[in-house]
Structures are given as structure tokens and as C-alpha cells.
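Novice: Chain by chain, the residues:
2 protein chains.
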Amino acid sequence: MVKNTSNISTEPYKGVRDFYPEDLAVQNYIFSIWKKVVESFGYNEYNASVLEPSDLYKAKTSEEIVNEQTYTFTDRGDREVTLRPEMTPTVARMIASRKRELGFPARWYSIPNVFRYERPQRGRLREHWQLNADVFGIAGTEADVETIKLAYNIMKAFGADDSHFEIKINSRKLLNAIFNSWYELDENQAQAFQRLLDKKSKLPEEVFYGEVEKVIGKPLEFLNLSHQNPTYEQAMAMPDIREAKLELDSIVEQLKSFGISNVSYDENIIRGFDYYTGTVFEVFDTDPANNRSLFGGGRYDNLLSIFGGESLPAFGFGMGDVTIRDFLETHELLPSYVSTTDIMICIMDESSRSYADKVADELRADGKKVSVNYSYRPVVDQIKSARKQSIPYFIVIGEEESLKKTYDIKQVNQHE
Amino acid sequence: MVKNTSNISTEPYKGVRDFYPEDLAVQNYIFSIWKKVVESFGYNEYNASVLEPSDLYKAKTSEEIVNEQTYTFTDRGDREVTLRPEMTPTVARMIASRKRELGFPARWYSIPNVFRYERPQRGRLREHWQLNADVFGIAGTEADVETIKLAYNIMKAFGADDSHFEIKINSRKLLNAIFNSWYELDENQAQAFQRLLDKKSKLPEEVFYGEVEKVIGKPLEFLNLSHQNPTYEQAMAMPDIREAKLELDSIVEQLKSFGISNVSYDENIIRGFDYYTGTVFEVFDTDPANNRSLFGGGRYDNLLSIFGGESLPAFGFGMGDVTIRDFLETHELLPSYVSTTDIMICIMDESSRSYADKVADELRADGKKVSVNYSYRPVVDQIKSARKQSIPYFIVIGEEESLKKTYDIKQVNQHE
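Order-wise, the sequence lines are chains A and B. Residues 1 to 416 (our numbering) are what the first sequence spells out, left to right. Residues 1 to 416 (our numbering) are what the second sequence spells out, left to right.
Please note that a few of the clues may not be correct.
Chain copies aren't distinguished; within one or between two, either way the pair holds.
Calculated cross-link-like contacts (lysine-lysine; reagent style DSSO-like; alpha-carbon spacing at most 30 Å) [stated by the list, open to error]:
| hint | residue 1 | residue 2 |
| --- | --- | --- |
| 1 | K358 | K256 |
| 2 | K99 | K368 |
| 3 | K35 | K369 |
| 4 | K36 | K358 |
Just so you know, the hints here were simulated from the structure itself, not pulled from any lab data.
Same shape as in the complex, but just chain A:
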């Protein structure tokens, strides 16, 4: 199509999506499953503005995200503002602000849009929506177990089989214990090691091991604390390592007692954010065509202290609409599109309009969703329009119907 260059483009901004009704129906389907399952676990919905003071992200969000991937600008009043890149700092800010008035444990969820300035690619856009479910005030592993069970139940509610996905868990507490007690690293070394681990899958193996050796001052002996490991008994004799590993084992066992068997310990699960303090988990698609991390979360018991109050036990996860949509498409789990509108009323001529309007209002009073076609075009064209909009039923109102005060509801043939 030749376009006049002085015309305004119909393209959206780069890396974001337009949601036509058939796209929004998919999003609404995903959101409705999310809402249903998290509310069944007693989660209450909250929200906040997409605009946040930039300072909010400077303390605990990963360095890479803040420096290279946020939308940050200065407003007309000289304030530094950021389009939120994630929701956790916001929910922590809100909870910290009213800690005295709120009842605990508090289970909160939201489905915000979040922004990252990234090169758009499959599964990674500049804006996506994300379920955030966080529970505050439970120090014990009950929160870890319930949250992972909640994530599992969401996958099941989408119709996924246990074979479609797997849950991998690890513990920052365990990692830190290994860093401290086994490798005897100082804080800087530990942080550098953790960052390397976070990048492990993107690095060639020999580069990873070389870099790790530089950081810890000797070759890597082990990371995976398994019975197969020759150093297992020696490591487990160290009290902090032992405690953290037994806690992780107990979480896996508790999940298995709820019938969740596709869960296992994986030493490679790190999660990018600096604020995690305990259990971390990630859910992976097992399909070779889409074999990637779908979502994850973890425990962050110290984040609230950045606001100057006491810390508060917290456990949460975020689940993005783009990755979950890819998953549902890969496994053919998305319902097909039907309009929310039930019936289109086609009017044959202007003199039939009054009866058509009356029928529309009667059907609406009866709970039906009804659109009236006021184009007065040939009925065949009006039905074609209903088909284009995926409206399942139509009614034709002409002189005869108006006189007799009757009408028939007919099905729109969707494939004509």
C-alpha cells in the first residue's frame, strides 16, 4: 500500500503490542485463570501507578536492569521518574507504608504492565503484563510450599499436564552457606560468584569455569550438593550448609505430599534480583520447541528494610503474559476466539428499527449481549460482518417481524 509520508503511522510504538479484541480475549483468558486461582488461595488484588520515583529501584533491583534497561526520564517538575520494570519494589513500598494497619499474613496480587528497554525478540517485549503474587508475614517454609503449590495449581488450571513443565528449586541461603563455609569467600567474591552463576547458561562452559576460578581463587569443587558428590558428607557436616539443605529437602518433600512430583533441587537456579534471601524457584517448559524458563520467584525477607522500618518475611513470584501465552500455544491449550457479543440484530429497513431496538433491549434485560447493525445494508452483508467479528448468533428484523412481533435467533456460520 502506498502511503503519503505526511500521514501519521498506524504502527504502535516499537516493542509493544496492540490488543485487538481477539488478542485481548487471550489476555483476558490468561488473567481470569490467574485471578481465579490466586483468589482461591486468599490473595487480594492491589494496584499502583506504572510511574514510580526512580530511587525505588536503586537499592535492590539488579544493576543491569536499572542502568541499561529502564525507561527513566525527568518530568516537567524535575523529578526522576521510572516506568516500573518489575512490581516487587512497589508492593514492598506499599506494605512498608501501612505495616501497622495491615493484617498478616497478607496475601496480595496484581497484574501490572512492566517495562524494559530491550531489543524485542520472541518472549521478550518492551512491555508485558505480569501476575505478581506475594505473601508477607510467614517466616516458615509454609510460605515457600504454598507459593510453589499455587504456581503449580495455576499451570494445572491452564490445562497443563505434569509432563509439560517442571519446577526447579534452589536456596540463596544454601548458596551463601556454600560460599561462606566451603569456599570461604568474602562479600565481594560471593556477589561476583553469584552474578557469574546467573549468567552461566549464556557462557561457554570453559569461560564460566575459568571466571569462577578467578573469583574464588581455586578450581570449582562442587555446587550441586547431592549424594553423588564425593564431598557431600564433608559439606553436610558444616552446620549452615546442613540446615539450608535440609530445609530445601523438606520443601520438596512437603510439595510431594501434596501430589506435586515434577519438582526438584537444581543448583543452577539463581534468579537475577539482588533481594532474594532464601528459597528461589523457576518453572520450565519441558517441550523441546519452547524449552525455557516460564517464570519464577522466591523469598525476600529483607527488602522492606530499605524503607527504614523492620524487615518482614516475604515470598512471591511473577508470571508474564508473553511467556505463558507461548507455553499455551506450544501445548495447544488456548481456547478459540468467540466474541463476547452473543447476538447481532440485522435490520432490513429503517421502518423496522423501532421493533429491533425493542428486541435488543428485551434481550439485554435477559442478560444477553446484543449489538444492533444500523447499516441498513443487505442482510447477507450484515451477517458477513457478524462473521468477521466472530459473533455466534444473529436475528433478522424486517417488516414481517415488526408486524407479527416475532423473531428467530440463528447461528452464524463461521466458515462461510
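On the provided structure of chain A, position chain B as indicated by the hints.
Specialist: Only chain B this time, still in chain A's reference frame:
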């Protein structure tokens, strides 16, 4: 409370809102009424990103808004981006982009957040949510009548009486006819006149009339085309004035035939946006304590041509959450807050946890929304937490319940 200055603030960004669960419940209530009514008229939901190329607003949004009130910034890739100040240019862009594939008439709605850089005050925040309902492809007054009826039905669905609000309508076509045929203004004069009219209520009367005289070169003779007007017959003899006025009268008559009587012609209704071409309407709160414009809309048949294609008849309106919430509060029409969570399960000791988890899952399978209190604190404190969260029911599970496999559901006294 004394705060360490190095701590991060818990305040949101200036002029935007945090939605705690009880605030979001109000918003969800408003959104649910909007959705229910517009869907009953066959509207389909769409959405788009809050980020739009700045060019989109340069053609037809009001000058004041674009130059002084938008959030516009340059992204890391040197693109000029705006946080949408209104939704109409976006929906026009999306419809224009797929005009050939869509079925018409197309009825679309969305509930986007929109941004304006304004000094925050009552009813005016920097971010608000807004129902946008637009119908495309109906050239006749059927669209005008149906849309105003839809707006009326939304007010009624909120529980408003006809005496709580009034609908005022005018016509840009009529105004333009008066400008052209009666005052014989050129395009610049007409535009200057229209901008003055838009500011009329903010100007002292003598300033308004003085400015108008400067623009039109003589004293203002009339604006209100009523029978009381001495120039009425003379003006109605002019064909373009006559046609536009009869069309407006017909819309009022059609609305009355649907039982909508709180609607009348008002020459002062202008609407700020430059893109309106025909009927415009505004809904006012009649309460002296909140006597302001609640929302409005109108016909904009030429907006789609800014994208280089043909124009397309269009009629729509926007209804903001802040003003409608003020209205509902003024008239005491808001429901009181209850948590979405039905039941809190209070556990007396860790040995009762396993039965408590079982009860929770059984109740969830039965459609109940259940939160489990894993604090193991005294039961009285757990019930206090349920009260703070406005959860209506609780269950206590201890040794006895675990042994006998029974439990009682009790009501939380919300005022203890």
C-alpha cells in the same frame, strides 16, 4: 515518625494513586459496571500500550494538552514517546490499521489509564483510568442516540436516579453552521471563537463577550438557537443551521422515546478536542456539592483520515474513574468493602497444619476463597488479622478438629 534520610520513601510518585485492596475493590466495582453495560450493547474490549509515538497526538488532540500537559520523552533509541493523554487517537489508529479486515459497525471499548501533567487537585490527578466506548461505521444519528443511551444506562446501573444527573447536548455541525452562515467567519476566526467558547466557564462574563467581539468583529448576537431567541426564525431559514438544529432536536426526541428525559440542548457544550465533527454531549452531576461535568463525548467522523485512508463515521465517549467515584461518594452509591477472600483458617499448633491444609483445599475445590493463617499465634490474634483484612468468615483448626475431622465456619465480628 523519624525517618533516616538515606531510606527510600514509601510515597508514590506525585499525583498518582496507590490502590490498596479496599481502594482497588472500588475501582473493580466501577470497572465491572462499565464492562457489564457496554458489553450488553455489543461492545468488544481492546487495549494498547500506554506508550505511543508522540506524532499520534500532534494532528488532532487539543494544543493545550499536547504542548503543556503530556508526558513526552525521548527513548534510548532517540524515538519521541508519549504516555497517552487520551485513548481516542489510539483506537482510531488501530481501526485505521485493519479497516479492511474488520466487520462494521464495530463497537469497541477499553479501560485504559491515561496521563496528564497537571497540578493535582480534586477530581484531577496525573493518572486516571477511563472507560472509552466507541462505535465505528454508523453515519446516522442511531450512533448518537445509542451512545447517549448507553451512557445513561451506565449511570442507572450505578444506582443513580434521573434527578442525580443531567445530559446536555450540542452539535459542532450546528456551531459551524452558525459560525459560517450567521457570523460569516473564516476558518481561523471560527477556531478562535470555538476555543473561547471552550473556556467560557473559566472567564468573567464581560471578558468573554469582549474577546468574542474582537474575534467576530461585532457584538455576539446569539448562540442559543431557541424559540425565545428573537433571531430564531431568521437563523432557521438558513439551510445548514436548520438541518443541524433539526438533527439535534431529533436526537433529543429519540432519547425521550426511550424514556430518557433528563437530556436537553445546551449551546455551551463544546468539548475541548479538535476532532469532533457533530453531536457532542456532556453529563453533569446535579448535586450542588459536586456540580461539575462528569464525562462526555461526541462524533468524530474525520479522525481516521489523519492516517491517510478514508474517513469513517465514529462516535464515542470517555468516562473517568476519579470523577465517577466522586459522584458515587456524593450520592452514597458505593458498596462497602468486603475482602474477596471468604474464609481465614486459623491453626492452633503445627500438628494441626496438615488437616487445616486439607480443609482449605476441600473448600477451594468447592469454589470458596480461603487463606490459611500459618502464624501459629493465639487464635484471638489470628481473628483480629481476619478483621483487619475484612475477611467475613473464619475456621479454627486445633487438635480436636484434626482428630474428629470436623470444623465450624464462624462469622468474623467486623466491629470488635
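Novice: Now, for every hint given, state plainly whether the structure supports it.
Specialist: Verification of the hints:
1. K358 with K256: Between copies only: 14 Å across chains, 59 Å inside a chain, cut-off 30 Å.
2. K99 with K368: between (45 Å within a copy, 27 Å between copies)
3. K35 with K369: both (23 Å within a copy, 11 Å between copies)
4. K36 with K358: This pair counts as between: shortest inter-copy Cα distance 19 Å, intra-copy 36 Å.
Going through the hint list in order, the structure satisfies each hint without exception.
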